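K.L.:
Read off the chains here:
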Amino acid sequence: MSEKQKNRAPINISASDIERAFKKVEEFQKLLKKGKTRQEIIKDLIKLIEIEDESH
Amino acid sequence: MSLTETIFEIGSKLGIPCVLIGGLALPAYNVGRTTLDIDIAISVRTQGELNNFIDVLSKKGIKTLQNPKINHDLFTIFGKNNEAEIWLKPCDAFNWDQKMIKNTFIIEKNMKVLSIEDFILTKLARSDRSSTDINDIIQVLIANTNNINWDYLYYRLNWADVKEDFENLLNQLSLNGSSKFQDDVNKIIKEYQKSKENQNNNDN
Chain A
66 MSEKQKNRAP INISASDIER AFKKVEEFQK LLKKGKTRQE IIKDLIKLIE
116 IEDESH
Chain B
11 MSLTETIFEI GSKLGIPCVL IGGLALPAYN VGRTTLDIDI AISVRTQGEL
61 NNFIDVLSKK GIKTLQNPKI NHDLFTIFGK NNEAEIWLKP CDAFNWDQKM
111 IKNTFIIEKN MKVLSIEDFI LTKLARSDRS STDINDIIQV LIANTNNINW
161 DYLYYRLNWA DVKEDFENLL NQLSLNGSSK FQDDVNKIIK EYQKSKENQN
211 NNDN
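From first to last, the protein sequence lines stand for chains A and B.
At position 4 of the first sequence the residue is numbered 69 (our numbering), and the sequence of numbers has no breaks.
At position 32 of the second sequence the residue is numbered 42 (our numbering), and the sequence of numbers has no breaks.
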């Protein structure tokens, strides 16, 4: 095993991880059904992260 | 214009392939979660190309405190109020190849992302892989079972030497998922098994 691989977290998936994953996918689908696009969601996330920088 | 948009605009003008990676790219694959990181991977072939990219960023007021070299994994850039990590490879465990660049797709204006399969690979192969990466992969698999090019994913899993990890992930999905998700999980496993058989048939 390489040094890099040693740092990888072992894969441990619980029943609740799976339950949550399905729920989250369903929630995202609901957002799309409401008319929100994937592009808009990315833009919203960028707005959330970035403080407006008027110099650019 | 945001820092992220500025980076993609510069990349596009200079003909440097740029892709959004990490949590911010997830909505491109029909998955979402909050993140505070901006991670962008660029593909530069020479030190001169990298220096030029940094010079143009600098003219837009975006600086780096490092002295990035072509063989580095990443460097950090700072706008007036924000920062972003610029990766020189899509993942610290592997480098770009032409197929990977060709398979990127536009998600918005100049903004591109990796193919679903290559994105999964960046999450699975990264050296500091966390449980968040594994949860992201599970969601991407659920949301894209019918859109994934399973033969290409199988090829990449072998290429990056993470096939065993992926099979372990599928095994745990199968063993630990409740019965109400079993059909969806079985479909994911069936698609993967099909691609594995295809590859074995091609090899024989």
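Mixed in with the good hints there might be a few duds.
[As the list claims (entries may be wrong)] In the DSS-like style, the derived pairs of lysine-lysine whose C-alpha atoms are separated by at most 30 angstroms in a straight line are:
id, chain 1, residue 1, chain 2, residue 2
1, B, Lys206, A, Lys101
2, A, Lys112, A, Lys88
3, B, Lys190, B, Lys112
4, A, Lys95, B, Lys206
5, B, Lys23, A, Lys88
6, B, Lys90, B, Lys112
7, B, Lys119, B, Lys173
8, B, Lys119, B, Lys190
9, B, Lys197, A, Lys98
10, B, Lys99, B, Lys23
11, A, Lys112, B, Lys204
12, A, Lys108, B, Lys173
13, B, Lys73, A, Lys101
14, A, Lys112, B, Lys90
15, A, Lys108, A, Lys88
Note that these hints are calculated values from the structure, not bench results.
Please read these numbers as outputs of a predicted model, since none were measured by experiment.
K.L.:
Hints first: check each against the structure and report whether it holds.
P.N.:
Hints and how they fare:
{"no.": "1", "hint": "B:Lys206 <-> A:Lys101", "verdict": "36 angstroms, violated"}
{"no.": "2", "hint": "A:Lys112 <-> A:Lys88", "verdict": "25 angstroms, holds"}
{"no.": "3", "hint": "B:Lys190 <-> B:Lys112", "verdict": "38 angstroms, violated"}
{"no.": "4", "hint": "A:Lys95 <-> B:Lys206", "verdict": "33 angstroms, violated"}
{"no.": "5", "hint": "B:Lys23 <-> A:Lys88", "verdict": "40 angstroms, violated"}
{"no.": "6", "hint": "B:Lys90 <-> B:Lys112", "verdict": "33 angstroms, violated"}
{"no.": "7", "hint": "B:Lys119 <-> B:Lys173", "verdict": "34 angstroms, violated"}
{"no.": "8", "hint": "B:Lys119 <-> B:Lys190", "verdict": "39 angstroms, violated"}
{"no.": "9", "hint": "B:Lys197 <-> A:Lys98", "verdict": "24 angstroms, holds"}
{"no.": "10", "hint": "B:Lys99 <-> B:Lys23", "verdict": "20 angstroms, holds"}
{"no.": "11", "hint": "A:Lys112 <-> B:Lys204", "verdict": "41 angstroms, violated"}
{"no.": "12", "hint": "A:Lys108 <-> B:Lys173", "verdict": "34 angstroms, violated"}
{"no.": "13", "hint": "B:Lys73 <-> A:Lys101", "verdict": "34 angstroms, violated"}
{"no.": "14", "hint": "A:Lys112 <-> B:Lys90", "verdict": "15 angstroms, holds"}
{"no.": "15", "hint": "A:Lys108 <-> A:Lys88", "verdict": "23 angstroms, holds"}
Hint compliance for this structure: hints 1, 3, 4, 5, 6, 7, 8, 11, 12 and 13 are broken, all remaining hints hold.
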